[in-house]
Structures are given as C-alpha cells and as structure tokens.
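If you read the protein sequences in the order shown, they are chains A and B. Number 231 in this note's numbering belongs to position 231 of the first sequence; there are no gaps in the numbering. Number 20 in this note's numbering belongs to position 20 of the second sequence; there are no gaps in the numbering.
Don't take each hint at face value.
What the hints assert, rightly or not - The list that follows gives simulated cross-link-like pairs (lysine-lysine, DSS-like), each with its CA atoms no further than 30 Å apart: (1) B:LYS229 to A:LYS10; (2) A:LYS56 to B:LYS154; (3) B:LYS83 to A:LYS99; (4) A:LYS100 to B:LYS83; (5) A:LYS261 to A:LYS290; (6) B:LYS229 to A:LYS127; (7) B:LYS154 to A:LYS71; (8) A:LYS104 to A:LYS61; (9) A:LYS10 to B:LYS83; (10) A:LYS233 to A:LYS324; (11) A:LYS213 to A:LYS292; (12) B:LYS78 to A:LYS71; (13) A:LYS207 to A:LYS25; (14) B:LYS117 to A:LYS51; (15) A:LYS127 to A:LYS110; (16) B:LYS117 to A:LYS10; (17) A:LYS222 to A:LYS211; (18) A:LYS10 to B:LYS78; (19) A:LYS312 to A:LYS343; (20) A:LYS17 to A:LYS71; (21) A:LYS108 to A:LYS61; (22) A:LYS51 to B:LYS84; (23) A:LYS73 to A:LYS10; (24) A:LYS213 to A:LYS22; (25) A:LYS73 to B:LYS78; (26) A:LYS17 to B:LYS84; (27) A:LYS99 to B:LYS84; (28) A:LYS239 to A:LYS178; (29) A:LYS292 to A:LYS233; (30) A:LYS338 to A:LYS290; (31) B:LYS154 to A:LYS51; (32) B:LYS78 to A:LYS51.
In short, the hints are calculated from the structure, not lab data.
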Amino acid sequence: MLELKNIHIKFDDFSLKDFSLKVEKGDYYVILGESGAGKSVILELLSGLIKPNAGKIFFNKEDITNYSIQKRKIGIVFQDYAVFPHLNVFNNIAYPVRKKGFSKQEIKNKVLEKAKKTEILHLLHRKTPELSGGELQRVALARTLMTEPELLLLDEPLSALDVILRDNLRNLLRNLNKEGLTVIHITHDYEEALSLANKIAVINSGKLVQKGKPSDIFNHPKSEFVAAFTGIKNFYKAKYISENEVLTDNKIIIRAQTHKKNCEGYLMIPSGTVIISQNKQESSAVNNFKGKVESIIPSVHGQEILVDAGIKVSVRITNESFMKLELSEGKNIWISFKANSVKFIKKS
Amino acid sequence: MKFNLFHIIFLILSGLVLLFIIGPLVGMFAATTPNELVETVKDTEVRNSIGLTISISMLTTLFFAVISIPFAWLLARKDFFLKKLILGIIDLPIVIPHTAAGIAILGIISRDSVIGKAADSVGLNFVGHPVGIGLAMAFVSVPFLINAAHDGFKFVPVRLEHAALSLKVSQVRVFFTISLPLAWRNIVSGLVMMFARGMSEFGAVVIVAYHPMTTPVLIYDRFGSFGLKYARPVSVVFISICIIIFILFRLSVNKKKHIGKNKSR
C-alpha cells in the first residue's frame with residue numbers, strides 16, 4: 001500500500017538516511033524511536049508537508065513523492081491535536097466537508113457518524129478550549145476520519161493522556177484498524193507499540209535500525225540500542241565459547257544453550273526468570289552467581305533489583321519476596337537462572 | 001497594596017505624563033463655549049471636511065487592508081532573502097518627517113511622473129484629489145496595519161494551518177477560515193490604528209492636497225487665517241469624533257476579547 005524507497009532528507013542539524021519502509025493494507029505499523037530520532041520527519045514526509053531530497057514515496061503503487069498534502073489520501077492526527085480553537089466541536093469535525101457540495105443535512109449526518117465512532121456525540125456543541133486532552137484527541141481523530149483517509153498517521157497520540165484515557169483511545173484505535181484502516185503510529189513508548197502494532201520499525205538518529213513483527217523485535221533485538229529502547233534490561237554482548245557456555249560482556253561465563261558456533265552476538269536474560277536468594281541454593285539452575293544489591297527501584301508489579309554480579313543483572317521480584325528477603329542496597333545475595341532461560345542472539 | 005518611596009516617585013512621574021496628555025486637551029475643551037461648538041457643527045465647511053477626512057481614511061484603510069494583510073501573512077510565514085531589510089523598510093514611513101513623506105508621494109503622483117502622466121491621460125490628476133490624499137494618508141499609516149497583522153499571523157500556530165491543509169482543503173480556504181479569523185484581533189487593532197493615524201495626518205496630506213481640505217488642514221488653515229479662537233472649536237469637534245470612533249473600536253475589540261476569554265474557560 002505504502003512504500004518509502006531510499007528516502008534521504010537533510011536539515012541543518014538532522015538527516016534521514018536511506019530510509020525504506022513498506023506498509024501493507026490493514027497494517028498497524030508503529031515507528032518507535034526516541035525524541036529527535038526522526039519520527040516526526042517521517043510523518044511530515046508521508047503527509048506531504050516536506051519533500052525528500054532523494055528517494056520516492058509510493059502509495060497504492062502511485063508515485064506521490066511530489067504530491068501536495070491535499071492530494072494524498074492520507075490523514076494525520078498531530079501530537080498537539082491542532083483542533084481549531086475558534087470553532088466548536090461540530091464545526092471542527094465538519095470542517096473538511098464544508099464547501100464540498102454537501103447539503104447541511106448530509107454534513108450533519110457525516111459528523112454524527114464520525115462523532116459516534118469516536119464516542120464524542122455528547123461534545124458536539126462544546127467549545128474546544130473547554131475540552132480535556134483525551135476529548136481533543138478524539139475530536140482531531142473524528143475530523144481526520146471525515147476525509148475518509150486510506151492511511152491514518154498518528155503522532156504520539158497517547159503520550160499526553162492519563163492511563164484510563166490512554167486505554168480508551170487505544171481500544172478505539174485498535175477498532176479502527178480492525179475495520180480496515182491502515183495506521184502508522186509514531187511513538188517513543190515501547191509498551192504502546194507492543195499493545196497496538198502488528199509491525200514495528202525502530203529508528204535511531206535518522207536510521208532504521210530494525211523492523212519486523214513485535215515478537216521479532218522484542219525477542220531478537222538486533223542491537224544494544226533496540227534492546228535498551230524496547231525495555232529489555234539484561235542484554236549483553238556475548239561470545240560463543242562452547243555449546244554450553246557463553247562469555248558475557250568479556251567478564252563472566254554464563255551457561256546457555258546455543259547451537260550457533262564460533263560467533264559473537266548478544267545474550268538476553270529475561271529479568272523475570274532470575275531468582276534471588278540469601279544463600280547459594282541447590283536447584284536445577286546452573287547459573288549461580290554471588291552479587292551485591294546495587295539499587296532498588298519500585299515498579300508497578302513490585303520491585304526491580306539491580307544486582308552487580310560481575311555483570312549488572314536486573315531482577316523483578318514481588319513486594320512479598322522483597323519483604324521476605326529483607327533486601328537493601330549493598331546487601332550480598334545470590335542470583336540464579338536456568339541455562340534454557342538465557343537467549344543467545346547471533347549478531348547480524 | 002503597600003506603597004514605599006520608590007512606588008510614590010514612580011506614581012508622581014506617571015501622573016505627570018498623564019497630566020501632560022490630558023491637560024492640553026481638557027484645557028482646549030474648557031476654553032470652548034457650547035455656543036462655539038454648536039456654530040462649528042453647523043458650519044458646512046467643517047462638516048464636509050470631517051466627512052471627507054473620515055471617508056478617505058476609511059476607504060484607504062480598506063483598500064490597503066486587501067493588499068497589506070496577505071503581505072503580512074507572507075512575512076509571518078516565510079523566510080526569504082533580505083526579509084529583515086524589508087521589515088525595516090516597512091517601518092520607514094513612521095520615522096521620516098511626514099512633510100518629507102508628502103514630498104515623496106507628490107513625486108510619484110505629480111503630472112511629471114509616470115503614474116501622474118498615466119492618470120492625466122484619462123483625465124485624472126491625483127494632486128489635490130481624494131486619491132492623492134488617500135495615498136498620503138496610507139504612506140504614513142500602513143506600517144501600523146502591516147506590523148499588527150504580522151504579529152497576529154505569527155501568533156497563529158503554523159500547526160493549525162498544516163492541520164487544515166491535511167484535511168484536503170485549499171490554501172485559500174485555510175487562509176480565510178483559519179489564519180485570518182485567528183489573527184483577527186490584531187488585524188482589527190491594526191485597522192483602527194491605520195484609520196486613526198490616516199485621519200489625523202497633516203504633514204504629508206498638506207503637501208499633496210491643500211484642497212479639498214481634510215480636517216487637520218482645515219484646523220491649520222483656520223489657525224493661520226483667523227487665529228487660535230477659530231481653530232479651537234474645529235479641533236474640539238474633530239477630537240471628539242476621533243475619541244468616539246476610538247472608543248467604539250476599543251469596545252468592539254474588548255467585546256471580542258471577552259468572548260475569547262469565555263471560550264478558553
């Protein structure tokens with residue numbers, strides 16, 4: 001449906017280099033990256049606000065690289081909503097269809113349909129400066145849907161909303177996608193990406209560093225940047241030693257099951273699979289290391305303990321376990337994990 | 001609110017400035033008898049002159065609004081070569097002596113000039129003509145409109161214009177339905193300033209046209225021919241009309257501001 005081919009664009013302080021991306025019809029494609037990574041540039045390129053220095057953009061096999069913003073069948077919802085402050089909600093939503101030959105009743109019907117879909121029927125006669133962030137987001141979405149876009153671009157749509165509003169809007173976006181609307185969603189939040197995307201592209205400093213299904217990205221991050229950015233904590237450079245051993249961070253040897261011989265790559269230890277104990281314990285876990293608690297950070301599901309065991313290992317434990325083990329910073333403890341919970345990823 | 005010596009000194013200085021503005025005006029009003037005012041209002045020459053001044057200034061403001069507002073939008077939205085120089089040029093009429101401005105205008109509309117010759121060929125002579133007066137008024141007052149509109153457009157977030165364009169509407173419609181309404185308050189202030197400044201212009205107008213007499217020229221003429229006593233009532237009547245127009249515009253702008261405040265609640 002949409003294809004960006006070898007896009008180059010250069011600004012004074014930023015450039016997008018050889019950027020290619022293919023979006024299929026019905027995709028919910030999340031572009032994940034830190035602020036300043038070039039996400040918004042991609043969005044402006046797709047919407048037609050800026051033109052690339054080189055490369056082509058194809059939409060339904062048609063070259064739209066030099067098409068004006070009005071000629072593209074692409075809708076965009078900006079991060080700051082860009083709802084018109086001098087028009088009420090109804091007139092904001094009706095804006096795209098006014099002066100287009102529709103009767104008053106037809107316009108009203110169209111507005112009602114989109115307002116119903118975005119669940120803002122009750123807001124239609126409200127003035128927009130009175131609305132909350134979540135309501136404004138829905139107004140902006142309804143207004144964009146009035147143009148009947150084939151592709152919807154969303155710029156950090158959930159970032160300014162609180163948790164409940166975020167869940168509601170997430171459901172709405174999921175439903176729109178299920179109804180067949182192709183979506184490109186730009187965000188810096190990997191949880192948002194995981195909850196919505198069927199495909200993810202990770203970008204860093206104007207370069208596409210990895211793309212694929214969420215499971216590919218999160219289970220097989222191809223670089224330290226992707227791992228760190230996607231929230232994977234225990235991710236290390238690693239070197240194959242033997243079928244059962246991997247040298248991790250050039251510091252310690254970890255027992256792992258790997259069939260990828262004589263190569264370098266990365267090692268991942270899911271933080272939920274690591275066990276903390278006061279003393280060394282006999283168990284089926286073959287990786288046992290003595291360490292020191294470096295920091296304790298409360299999290300939604302309990303505590304996140306950072307242990308220095310030669311390498312830094314992040315361990316997630318419940319509050320109950322935390323209390324039982326009487327953990328404190330500087331305390332000596334043991335960590336253990338099974339060889340088959342460790343994942344070795346060959347460097348691509 | 002507590003006042004210390006610092007505040008008191010500043011208050012005295014502020015009072016002096018206010019007195020300097022209000023004093024002469026109040027003095028002029030106080031020195032004019034009701035009888036003189038009635039006679040002046042009845043004076044056809046005065047009435048015609050005020051009518052002429054207001055109508056030329058208003059039409060000039062409207063005409064220049066049509067060509068200046070798009071210019072102000074361009075200045076607010078686009079960066080181009082020598083933009084800073086152009087912004088400086090716009091302010092030039094404010095800083096040059098107005099009689100000199102009149103001479104400059106006369107230079108381009110006199111019969112020796114290209115424009116003058118072209119107008120002459122269709123039987124028009126802009127010198128001593130309302131069009132000439134309008135041009136003289138506009139020359140010294142249009143910077144107020146351009147600057148106010150420029151500020152107004154800069155205040156409108158570009159993102160709103162982009163959002164409107166992404167909704168598949170034309171750039172013209174975006175200008176008239178988004179940019180212009182959102183910059184409107186500043187533009188109205190600019191229009192009022194241009195209108196008021198044009199209406200009160202003497203220096204540039206008197207060079208281009210002594211006749212037909214605009215009110216500032218009439219006041220000068222009465223003063224030169226008959227003295228202060230005869231010039232004062234015309235001044236009082238004209239100032240009163242200026243103040244009324246100014247108050248009406250202020251009220252309308254404030255009313256809009258009030259509505260705006262309600263909106264943002």
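Each hint, compared with the structure:
1. B:LYS229 to A:LYS10: violated (72 Å)
2. A:LYS56 to B:LYS154: Measuring from Cα to Cα gives roughly 33 Å; hence the hint is violated.
3. B:LYS83 to A:LYS99: violated (35 Å)
4. A:LYS100 to B:LYS83: violated (37 Å)
5. A:LYS261 to A:LYS290: Roughly 28 Å separates the two Cα atoms, so the pair holds.
6. B:LYS229 to A:LYS127: Judged against 30 Å, a Cα distance of about 57 Å means the pair is violated.
7. B:LYS154 to A:LYS71: holds (27 Å)
8. A:LYS104 to A:LYS61: violated (36 Å)
9. A:LYS10 to B:LYS83: holds (24 Å)
10. A:LYS233 to A:LYS324: holds (24 Å)
11. A:LYS213 to A:LYS292: violated (37 Å)
12. B:LYS78 to A:LYS71: holds (22 Å)
13. A:LYS207 to A:LYS25: Roughly 24 Å between the alpha carbons, so the hint for A:LYS207 and A:LYS25 holds.
14. B:LYS117 to A:LYS51: This hinted pair is violated, its Cα atoms lying about 48 Å apart.
15. A:LYS127 to A:LYS110: Roughly 19 Å separates the two Cα atoms, so the pair holds.
16. B:LYS117 to A:LYS10: violated (53 Å)
17. A:LYS222 to A:LYS211: holds (10 Å)
18. A:LYS10 to B:LYS78: This hinted pair holds, its Cα atoms lying about 19 Å apart.
19. A:LYS312 to A:LYS343: holds (16 Å)
20. A:LYS17 to A:LYS71: Satisfied, since the Cα-Cα distance of roughly 26 Å is no more than 30 Å.
21. A:LYS108 to A:LYS61: violated (35 Å)
22. A:LYS51 to B:LYS84: Cα-Cα ~27 Å, so holds.
23. A:LYS73 to A:LYS10: Given pair A:LYS73, A:LYS10 holds - Cα atoms ~25 Å apart, limit 30 Å.
24. A:LYS213 to A:LYS22: holds (13 Å)
25. A:LYS73 to B:LYS78: holds (27 Å)
26. A:LYS17 to B:LYS84: Judged against 30 Å, a Cα distance of about 34 Å means the pair is violated.
27. A:LYS99 to B:LYS84: violated (38 Å)
28. A:LYS239 to A:LYS178: Cα-Cα ~43 Å, so violated.
29. A:LYS292 to A:LYS233: holds (17 Å)
30. A:LYS338 to A:LYS290: With a Cα-Cα distance of about 15 Å, the restraint between A:LYS338 and A:LYS290 holds, given a limit of 30 Å.
31. B:LYS154 to A:LYS51: holds (24 Å)
32. B:LYS78 to A:LYS51: OK: B:LYS78 and A:LYS51 at ~17 Å, within 30 Å.
Going down the numbered hints, you'll see the structure goes against 1, 2, 3, 4, 6, 8, 11, 14, 16, 21, 26, 27 and 28, while the others check out.
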